[in-house]
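Peer 1: My request is simple: use the sequences and hints to build the entire structure.
Protein chains in written order, with our numbering: chain A, 23 to 439; chain B, 14 to 769.
Be a bit skeptical, because a hint or two may be false.
[To be verified] Going by beta-carbon spacing under 10 Å, a handful of chain B positions derived as facing chain A: (1) Ala168; (2) Ile171; (3) Ile228; (4) Pro245; (5) Ser478; (6) Leu638; (7) Ala760.
[Said to hold, decoys possible] Now the stretches of chain B that chain A is said to cover, found in silico as 3 or more residues with beta-carbon under 8 Å: (8) 204-210; (9) 619-629; (10) 746-759.
None of these hints come from the bench; they were simulated from the model.
Cβ atoms here follow ideal geometry from the backbone N, Cα and C, with glycine treated the same way.
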Amino acid sequence: MRRAWPLTARGTGAGVLAIACFIAAAQLGAIQLLAFGVFLTALVIVSLIALHITRRDVELTRSSSPPAVPVGDDVRVTVHVSVRTALPTTPGTWEDRVPEGLEGRTDGRFPALGSGLRGGDRAVDLVYDLHATRRGVHWLGPLDLTVRDPFGIARRVAEVGDTTRLIVTPQCIELPPLTAFAGATGGMLQATTTRLGQGSDNLIARPYQPGDSMRRIHWRATAHRDMLMVREEEQESTPEATVVLDRAKARWGADAADRPGADPAFEAAVDACVSAVNALVRDGYAVQVIDVDGTPLSEVVPGGEQSAVAVLVARFATVTAQGSAHLATLGHLWSGATTGPLVVITGALTADDVDALAPVPAHSVHPVLLTTDGASDAIERAAATGWYAASIAPGTSLREAWLRVAHADVVAAEAAS
Amino acid sequence: MSAPATPRQRSGAYLSLSIASWAALLAALAPLLGVIEPGAWIVGVLIVSGAVFAVGFVGRRIGLAAPVVSLIEIGVWVVLVTGTFLRDAAIVFVIPTLHTLRVVPDLVRETIGQIQLGTAPLPETTALAFCIVTAAGAVAIVVDHIVLTARLPLAAAIALIAVSLIPSLAVPGPFDVIGFVVLAAAILFLLRAETRTRHQPPRAVPTPPSSTSAIALSIGLVAVLVAVAATPLLPAPPVRAGSGFAGGTSINASLDLGRDLRRPDPVTVLTLTTTGIGAPYLRAATLSSFNEDIWKPDSEATSRLEGDTAFGTPRTDADIPVKKTTTTIHIDALNARYLPLPYPATTIKGLGEGWLTMSSNHTLVSDGTVSTSGADYTVTAEVPNPTLEQIEASTAHSGAADAMGLQAVIPSNITQAAYQVTDGAASDYDALLDLQNWFRGPDFEYSLTAPVQEGFDGSSVSAVSDFLREKKGYCIHFASAFAIMARVLGMSSRIVVGYLPGTADTSKVTEGDPITYTVSSSQLHAWPEVYFSGIGWVGFEPTKSLGSPTGFLPAAAGGGDDLNPTDAPSQTPTASVSPSTSADERGLRADDANTGSGAHAAANLLPWALGAAGVVLLLLVPLLLGALRRRRRDDAARRGDALAAWNSVRETAIDLGVPVPVSESPRALGTRLVREHGAPDAETLVLVRAVEEAAYADVGARADGRAVRDAAAAVRAGLYLSVSGGRRLRALLFPRSLVVKPGSVFARDGASATTR
Chain A
23 MRRAWPLTAR GTGAGVLAIA CFIAAAQLGA IQLLAFGVFL TALVIVSLIA
73 LHITRRDVEL TRSSSPPAVP VGDDVRVTVH VSVRTALPTT PGTWEDRVPE
123 GLEGRTDGRF PALGSGLRGG DRAVDLVYDL HATRRGVHWL GPLDLTVRDP
173 FGIARRVAEV GDTTRLIVTP QCIELPPLTA FAGATGGMLQ ATTTRLGQGS
223 DNLIARPYQP GDSMRRIHWR ATAHRDMLMV REEEQESTPE ATVVLDRAKA
273 RWGADAADRP GADPAFEAAV DACVSAVNAL VRDGYAVQVI DVDGTPLSEV
323 VPGGEQSAVA VLVARFATVT AQGSAHLATL GHLWSGATTG PLVVITGALT
373 ADDVDALAPV PAHSVHPVLL TTDGASDAIE RAAATGWYAA SIAPGTSLRE
423 AWLRVAHADV VAAEAAS
Chain B
14 MSAPATPRQR SGAYLSLSIA SWAALLAALA PLLGVIEPGA WIVGVLIVSG
64 AVFAVGFVGR RIGLAAPVVS LIEIGVWVVL VTGTFLRDAA IVFVIPTLHT
114 LRVVPDLVRE TIGQIQLGTA PLPETTALAF CIVTAAGAVA IVVDHIVLTA
164 RLPLAAAIAL IAVSLIPSLA VPGPFDVIGF VVLAAAILFL LRAETRTRHQ
214 PPRAVPTPPS STSAIALSIG LVAVLVAVAA TPLLPAPPVR AGSGFAGGTS
264 INASLDLGRD LRRPDPVTVL TLTTTGIGAP YLRAATLSSF NEDIWKPDSE
314 ATSRLEGDTA FGTPRTDADI PVKKTTTTIH IDALNARYLP LPYPATTIKG
364 LGEGWLTMSS NHTLVSDGTV STSGADYTVT AEVPNPTLEQ IEASTAHSGA
414 ADAMGLQAVI PSNITQAAYQ VTDGAASDYD ALLDLQNWFR GPDFEYSLTA
464 PVQEGFDGSS VSAVSDFLRE KKGYCIHFAS AFAIMARVLG MSSRIVVGYL
514 PGTADTSKVT EGDPITYTVS SSQLHAWPEV YFSGIGWVGF EPTKSLGSPT
564 GFLPAAAGGG DDLNPTDAPS QTPTASVSPS TSADERGLRA DDANTGSGAH
614 AAANLLPWAL GAAGVVLLLL VPLLLGALRR RRRDDAARRG DALAAWNSVR
664 ETAIDLGVPV PVSESPRALG TRLVREHGAP DAETLVLVRA VEEAAYADVG
714 ARADGRAVRD AAAAVRAGLY LSVSGGRRLR ALLFPRSLVV KPGSVFARDG
764 ASATTR
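Peer 2: Structure follows, in structure tokens:
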């Protein structure tokens, strides 16, 4: 029934019945029936008046726990409604409007509230659980508050309050470290890597000062100078890692560009992207997330900064496919330079694409290619050109794919020996 | 959040819903009490319907499926009905057999016959009780299903209203306020109970749900009151021909014609043409026996109407002239047990099967299979037409005990009047003529509206006694009084119910055709007949302003000729009931208007002045209440209650629209009052200190009450003075704080709350 109609189905029935009573009373000449017609009419009108006689101020705040929810998780939304009326209200129902992509029952009974002339706030907390099924920024609300009269004849529908934002982020999965680099790639949390051409000779030692950690005593210099020397502050050489999220429309489904959460392949890619960033940051890398053409998709996430990862994850709630950059542009980014671990996440791959990516592995210590393309020939072809490649097609386990690319060195070494 | 209510709450709500359904059903059946004599059937209805609802509730409680519950209910219904009424034809008293089923149609047929032929209130019989109890059980099952399974209480209300209408359609009556209120309340209760099962409050209920019940009560009360008050003001629905349960108007032979006569919209009951001069009186039923204080319709041995000869020629002496007339009657809208006939009918043509003759009183009664509606028949009547001499020579005795008996204590004013009026009459006929003239004389007044008091609208001895005292009434009173007085004088009399002579339908008169007379439902009439030996029953017309008085002419003046005064073409006096009654009513109303307007002119200003004074007093009530409360607080403050003084200041602040949030401490509020609202500094400090001491200090440290009270008064004065005169006046006249308590939400935001 339309929202504007002020009567419930029962109230409408009562009105129709009243008219029928009048007609039948005239036909049958029964005054008793006339009385019932008047009674039903009066009942409908009085119910309407009783519902609408008082103005009511409704204030509403909505909060969700957690504030941002990963896809696939549940979130509990609490709506605090305070009603201020001079007369007591009658019970009713409420329904919070929830967009597509969030599932759950968002309606319930609204209790009767007392008069605001005495006593404090007449407030009630409405709680409901939502299951997030689609990434993106969703708006909850407004709340439809329907109050019915005690006989269920009339109703008063009010749209209450504003909308509240609920961010549904990509799913961030805990991934193991890239184990092939166990001893070498701990970032600043572990020993500095030598692979990047910084020999220990470059260290500058200084005399020991009280308070310096024993662990930082540079024994060779101590022996050389016959006084306790400590290593000067290590050169800030946080190893960098790069995660490339290929957003070019050509390699994703048609829906991926329209709105977040529509294309399962792209969702898998975004999930893999934030999970990889998370894993690398945890390992101490400063992670740069870029598009194929080099456009940064976020600020550089400093190593170990989990809170920065959370910001990035929230930002990736709205990432969609866009642009038409060619994979070949990726090769130009590191021409003549090398970078740390490189994770390229892309969609459907053709043989040409794999060929275009062929120069890239040479510039990275650990080039990882994750594709949502399930076809194995592209992966084999990429592996042949030096990638640690794995498929993250929707439905496959990202963790297993990650383990495969992480252990690839070990596996290869074992195979070689 | 769909709060799962506890099972206890749930079943409580369902219990009240079942009880509400039962109550509504009983309320819908209550009007039956008016048409059927109370008896064991009431207990049967209570038990069967109660058992159905109880079984339904228990069945749902233990979680049976809805169809199963309905089946069990049907089982209980069948067992109970069988065990009560059809025990002999059932196995183990309660299990119906095929034989039982064969008995049921007989019972139903018997009941239908009883309803069609009987007059309200019907006496209780087994068949009738069976039908009512069975129907009540069936309705209970249907209502239980509609309300508790289909959740459509309004649909159940439709069914219940329909059920409650049946008696009032069968026996039309005035607006039954009590019955209506009871059923309306029951329907409201049903709606409320059903709504309560739907809207279980969530776990945390901030207010008791009693507020909702209070709202429900108010809404229901207003709706019922509006209906009760407004329905009589609306134009009453016209009683249509062919409407009602029986279809058309009917003749209630139990002498309750007042209701029929008072119908707002008379309809044409029948049309007739006659070979006589003028339309005849049409007789339907006679009432001879006067037992237990009321007239009873005759129910003698009847024989089936066969062929055309209905009653044979009346036994009259050979020398009495007889006038033969033939009347053709077409019934338009009459559905009665009795067929209207001119007196004394000898042959009847054109009637079908199904009529029984009552030869002693020349009436024709249906055997229950036919009714008068649509009947078309031709009657030949042989009217005895004695001369004055002949009738004066006759004595008014039939010899039948029934027509003479007065089995009641006759009040003395009836007997006295009878002897007084007939004093000096030479013969029975003369005495009756004296009575007739007395009734038709200036002492009496015809009025349909006069006898509205309960009990007066009847034919009993006390009603007649009242009638003779009031000297106002209608045909029943006149006829009943005449018949009783005739019996007092030792004559044989009876009352006849029928129709006055119709009015000629002048609109359709064409040359050569007989005149068509129409008889309207408002011409329903009752008149007395007295038996004269050798002549037969002779009708008299004591009712003032109606019909034509009986009078026989001496032989010299043409008595015994064709001109029978009884059937004389007396269009002018006979015109119809409606003109005279409506004239009466108009006359009454005119009187009312005259006296009323005179009174209005004299006391024109006083009501206005009183009303204005009342309004002013009413407007001053809040001021008085506010002043009283302030005084009470001051008294308390003087006795040392600092909080009372503080509350009086807070209330003043609320009156003036100053926000008084519950979260603000006395000191903070005091500071704000001083800074923003013109409260005096020193006194406010005194007051705040007193409040803080009262709140926090050790017991015993009591402030000086008088000082605190004075400080509070000074602070209040300061607050009042800080606002404009208009606001001050409003705050004094209509203190908001009478409704807005300190600390409530409305007090938090000050006056802006009411204007936002």
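Peer 1: Determine for every hint whether it applies to the structure shown.
Peer 2: Here is what the structure says about each hint:
1. Ala168: holds, 8 Å
2. Ile171: Holds: closest Cβ of chain A sits about 6 Å from B:Ile171, inside 10 Å.
3. Ile228: holds, 6 Å
4. Pro245: holds, 8 Å
5. Ser478: The hint is violated - B:Ser478 has no Cβ within 10 Å of chain A, the shortest such distance being about 32 Å.
6. Leu638: Status violated, d = 15 Å.
7. Ala760: holds, 9 Å
8. 204-210: holds (count 4)
9. 619-629: violated (count 0)
10. 746-759: Answer holds; 7 residues pass the 8 Å Cβ test.
Figure legend: structure checked against the earlier numbered hints; hints not met, in rising order: 5, 6, 9.
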